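Asker: Please construct the entire structure, taking both the sequences and the accompanying hints into account.
Counting in my numbering, the sequence shown runs from 18 upward without gaps.
Be aware that a few hints might be false.
Derived CB-CB ranges, DEER-like [said to hold, decoys possible]:
(1) Thr661 to Arg392: 53 to 59 Å
(2) Arg442 to Ala52: 53 to 59 Å
(3) Arg122 to Leu288: 29 to 35 Å
(4) Asp555 to Asp695: 44 to 50 Å
(5) Thr447 to Val298: 43 to 49 Å
(6) Pro702 to Arg827: 48 to 54 Å
(7) Ala86 to Gly417: 20 to 26 Å
(8) Gln116 to Leu683: 30 to 36 Å
(9) Gln323 to Pro396: 32 to 38 Å
(10) Ser404 to Gly128: 31 to 37 Å
(11) Gln897 to Glu796: 32 to 38 Å
Because the hints were derived from the structure by calculation, they are not lab data. Owing to the predicted nature of the structure, the values given are computational and were not obtained by experimental measurement. Cβ coordinates follow ideal geometry from the N, Cα and C atoms, glycine included.
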Amino acid sequence: MAEQSPSRRELIRRRRSSGFVGRQSELNVFRENLARKPGDPDYQFLFHVHGNAGVGKTWLVRQWEDAAAEAGAATAYLDDSVHSPLGAMETISAQLARQGLELKRFDRLLGRFRQNAHEAQIALAAEQEASKGGAGGEAPHASGSSTLLAQAGLAGLGMIPVVGALAGAVDPAPVAQAADRMRAAVGARMRSHEDVRLVLDPVGRLTPVFLEDLAGAASGQPWMVLIFDVYERSGPALDDWLCAVATAESTVELPLNVQIVVSGQGPLAPLCWEAARDLTVEVPLDVFTEAEARTLLAHQGISDEQVVEVILRLSGRLPVLVHMLAQSRPHSAGDVDDPSGTAVGRFLKWERDPARRAAASLCALPLQFDEDVYRRTVPDESAAPYSWIRTLAFVSDRNGQCRYHHVVRASMLRLQRVQSPARWRAAHETLAEIHRERREARETESSADDHWEDAEWRTHRLNETYHRLCADPQRALPRALLETAQSCELRDGSVRRWAQMILQAGQDTDDVRLTEWGRRLTEASGEAQAVDAVPVLDTLLGHPGLTTGGEASTRAVRGQAHLDAHRPEQALADFTAALTLEPQRSSFFIDRAFTHIRLDRHDAALGDMDRAVRLDPDSPWVYLCRGYARRWAGDPEGAVEDFTTVIGLDPEHDVAWAMRGNLLRLNERYEEALADLDRALAIDPRYGWAYYERSRCLRMLDRWDETIRDLRRYVEVVPDDVWGRVGLADTLLSTGRYAQALEEIDSALAATGEDRADDAAWPHAIRAWALHSLGQDTEALEALERAETRDDPRAEIFAQRGWLLWEAGRLDEAEAAFDRALSSSPSYPWSLAGRGVVQLYGRRYEEATDSLAKAFAIQFGLSESDAEIDLARPVVALLQDHLPANREAITAAVRLIAQLAWQQQWPGLARQIASVLALRPSPRLLLGAARLLRQIVTVLNARPEQGDSRRIAWSLRFLGPVQRILDRLPEAGRRSQGGDG
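Answerer: Rendered as structure tokens:
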């Protein structure tokens with residue numbers, strides 16, 4: 018049955034119950050757009066509502082939100098509590114989730130960012146808390162030392178392990194080097210270079226995932242409406258990001274059914290929005306017309322002309338005031354008298370209860386309040402219950418937090434400050450204490466090692482500081498300025514909140530100095546980027562206001578900001594200035610030491626680290642930092658000594674265990690390294706880097722199943738690190754698990770994001786060799802073609818291509834590929850051997866002998882003359898003699914050797930050799946091959962002085978089983994053929 022339309026009476030009831038009168042033309046603009054189809058010529062997707070404070074912008078966009086919901090739209094509403102693109106995305110995601118539309122990938126990535134952003138500060142925060150006694154009463158300095166430690170990085174974190182017995186002759190993969198450098202950016206605590214990028218540029222990394230999820234959610238809805246209200250406050254922080262999203266300039270384009278509404282006092286910033294002017298529907302709002310104001314009053318039952326005239330005069334037809342005054346429904350003109358002549362008298366004119374009037378005035382003091390704050394603020398809560406104040410027209414209630422309309426609040430604050438400065442100060446001191454208590458309670462509840470990273474803690478700190486500024490601006494200002502500097506390290510928009518809070522306090526107290534500071538900082542925070550807060554810090558240091566300790570801490574924060582922006586000389590100057598002001602701060606010496614590291618100044622870095630140790634000899638963090646510096650300066654023994662000291666001071670310090678294990682591995686003390694890494698993982702079972710480091714130890718001990726186990730665990734702990742999956746695929750390939758390797762590398766190549774495996778050459782090379790090992794040579798050649806188009810393809814890629822082309826009989830192309838490989842890596846045995854095989858098949862026997870002699874000499878550590886006499890000439894002679902009659906078997910054998918040369922394990926070797934023997938090579942060829950293998954084994958067992966022990970060990974492990982199989986076959990052949998040799 019069709020839905021029955023409402024009656025006239027029901028329609029009138031609905032409209033009156035909404036409390037919304039007037040603005041019909043503006044409401045219709047939006048409703049009519051909802052009736053259009055996306056893509057229609059007159060369809061709009063971007064609206065800008067603007068007008069002075071109190072004209073009803075929020076009321077209008079809320080009505081638009083309701084209209085959209087009635088049309089089946091998913092909606093999200095954001096106000097000035099959002100101060101950054103990150104906060105905007107998080108708020109939208111949370112609101113959509115409550116409507117059953119979860120942005121799952123974004124939420125997971127956001128959670129990972131929150132975790133990683135504080136992990137880089139974990140050790141430092143604990144140590145600074147323990148040693149802050151020397152700070153002279155200043156708020157603790159949120160030093161960037163841990164980020165500096167991270168930036169300098171750890172050697173030996175490459176994501177591409179050494180491959181096979183021949184890999185030592187090849188330069189490390191550019192991809193592996195890139196992964197190492199990114200890990201080095203934030204140190205041993207960070208699990209992947211993708212995490213590094215996420216921490217350094219959260220908006221850039223999160224936005225594409227957010228938009229993809231948002232587009233997916235919108236695809237199942239008729240409409241999606243995103244409303245950005247109070248944009249005059251949030252706009253400076255959101256403009257660039259929101260404009261790019263709204264105008265499809267982001268990497269991910271939103272579908273047309275997503276409508277964006279921006280509502281604020283002034284025009285949109287022309288630098289950002291000028292290009293979108295023709296796409297924007299402008300909806301200007303002014304005060305009510307007299308007709309609209311009278312309609313609202315009539316709707317509220319106010320018809321007395323004298324009362325109407327008074328309300329129109331007192332309100333100035335400002336919609337919020339017309340509505341508020343109308344709510345009280347005055348009955349006579351005698352009630353219009355306004356003896357105070359103040360705006361507050363207008364707002365509360367019709368409220369006769371003194372307790373409620375007092376409560377309304379007191380609740381204007383906090384920036385926002387909940388029921389607990391209300392009860393502690395209002396003396397007689399029973400006379401003026403919390404439920405009552407939430408009904409006032411100028412009070413908005415969102416997520417349990419009440420706020421006054423700023424026009425009303427400003428007037429009430431002015432009245433209270435002028436009437437009784439003593440009560441004003443006492444009330445703000447009380448509110449500051451409420452938020453102090455809440456902040457301290459949060460410190461005991463939160464698991465965050467650095468409280469600044471806890472959003473709830475920051476909210477209480479900000480409100481506490483605001484009220485202390487209102488109570489005593491000059492006394493509280495230095496601490497507020499220092500907190501502003503500390504907030505710069507968060508890179509999530511918090512600095513702008515602090516700047517705006519100081520400005521708000523200046524305006525509310527009418528304090529000129531405070532207001533000037535707020536304006537300067539607000540302007541500077543609008544310029545500050547996510548990774549460079551230097552403009553704010555310049556402002557803080559460019560005007561008097563900080564204490565000596567505060568200036569020192571601020572210079573250290575700016576030094577870190579310079580270092581993050583790759584300006585080490587400027588960073589060095591700031592850290593030096595900080596030490597001049599406070600020479601007893603060990604953290605400043607550590608900061609400067611890591612800056613020296615960035616500038617390759619070994620002695621200066623170690624000197625500063627030694628000073629830090631003398632100042633703070635009981636701090637594990639100080640010894641950890643010096644251990645890293647010693648490691649970087651080429652003193653691994655000293656580094657191990659420092660890491661051992663850390664462990665003695667703090668046996669549960671997982672980073673110290675892991676870093677000492679790393680050094681022990683590099684010193685080839687593998688069993689000791691494993692013990693340390695086992696301990697690190699016992700402390701933190703999700704320590705991704707420790708799993709990766711342990712896999713490298715296990716690899717060197719040829720414990721391949723355990724190596725793969727740890728790499729799989731690494732991928733599980735750090736699932737978004739595509740290079741971890743590439744490393745796993747490479748290891749699976751080197752142990753002969755071709756199908757599993759192909760599955761993992763395909764997964765890595767399919768991963769999206771800016772740091773994609775698909776953009777690098779090496780992952781495609783791994784895929785090509787896995788396909789080749791599975792007998793899919795056509796697909797393997799296609800994969801190699803993709804690899805060659807990527808940046809900086811490696812010598813192995815061209816060598817792979819050479820082997821595949823040789824097997825296909827394309828000898829000229831194969832030789833060209835080997836030559837190209839040798840042009841960049843002339844001592845690569847696998848390429849030399851491949852070129853020798855091509856030359857042999859082309860009957861250029863002397864050239865083949867020369868190429869093979871060079872390959873054997875490099876591989877086994879022989880002189881070229883010995884390699885030629887003992888190995889190369891016998892090989893060429895054997896194949897020259899038997900190639901015409903045994904071409905198929907010899908080709909299969911050479912192909913198998915080339916394939917297995919990549920591996921460290923050879924599961925199914927006997928079966929693979931049997932497949933070659935199934936091609937029926939002649940008994941004489943088998944006898945000759947067995948004789949040649951014995952000769953090679955004899956040479957290797959002699960352990961040439963120049964030989965690479967790992968390559969020789971690998972060759973003996975590989976050739977031993979092959980020799981045993983071939984030693985038996987000729988005898989069986991002779992018996993089967995009646996002794997015919």
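Asker: Per the hint of 32 to 38 Å, is the separation of the Cβ atoms of Gln323 and Pro396 within bounds?
Answerer: holds (36 Å)
Asker: Please test the hint of 53 to 59 Å on the beta carbon pair from Thr661 and Arg392.
Answerer: holds (55 Å)
Asker: Using the C-beta atoms of Arg442 and Ala52, is the stated range 53 to 59 Å upheld?
Answerer: holds (56 Å)
Asker: Starting from the hint 31 to 37 Å, judge whether the C-beta atoms of Ser404 and Gly128 obey it.
Answerer: 36 Å Cβ-Cβ, so the 31 to 37 Å window holds.
Asker: Just tell me: holds or violated, for the beta carbon distance of Asp555 and Asp695 against 44 to 50 Å?
Answerer: holds (48 Å)
Asker: Is 20 to 26 Å right for how far apart the beta carbons of Ala86 and Gly417 are?
Answerer: holds (21 Å)
Asker: Given a hinted range of 32 to 38 Å, is it respected by the beta-carbon distance of Gln897 and Glu796?
Answerer: holds (34 Å)
Asker: Has the hinted range 48 to 54 Å been met by the Cβ atoms of Pro702 and Arg827?
Answerer: holds (52 Å)
Asker: Does the Cβ-Cβ separation between Gln116 and Leu683 fall within 30 to 36 Å?
Answerer: violated (54 Å)
Asker: Take the C-beta atom of Arg122 and the C-beta atom of Leu288, compute their distance, and say whether it sits inside 29 to 35 Å.
Answerer: holds (32 Å)
Asker: For the pair Thr447 and Val298, does the Cβ-Cβ distance stay inside 43 to 49 Å?
Answerer: Check passed, 47 Å falls within 43 to 49 Å.
In terms of the numbered hints stated before, the structure departs from hint 8 and from no other.
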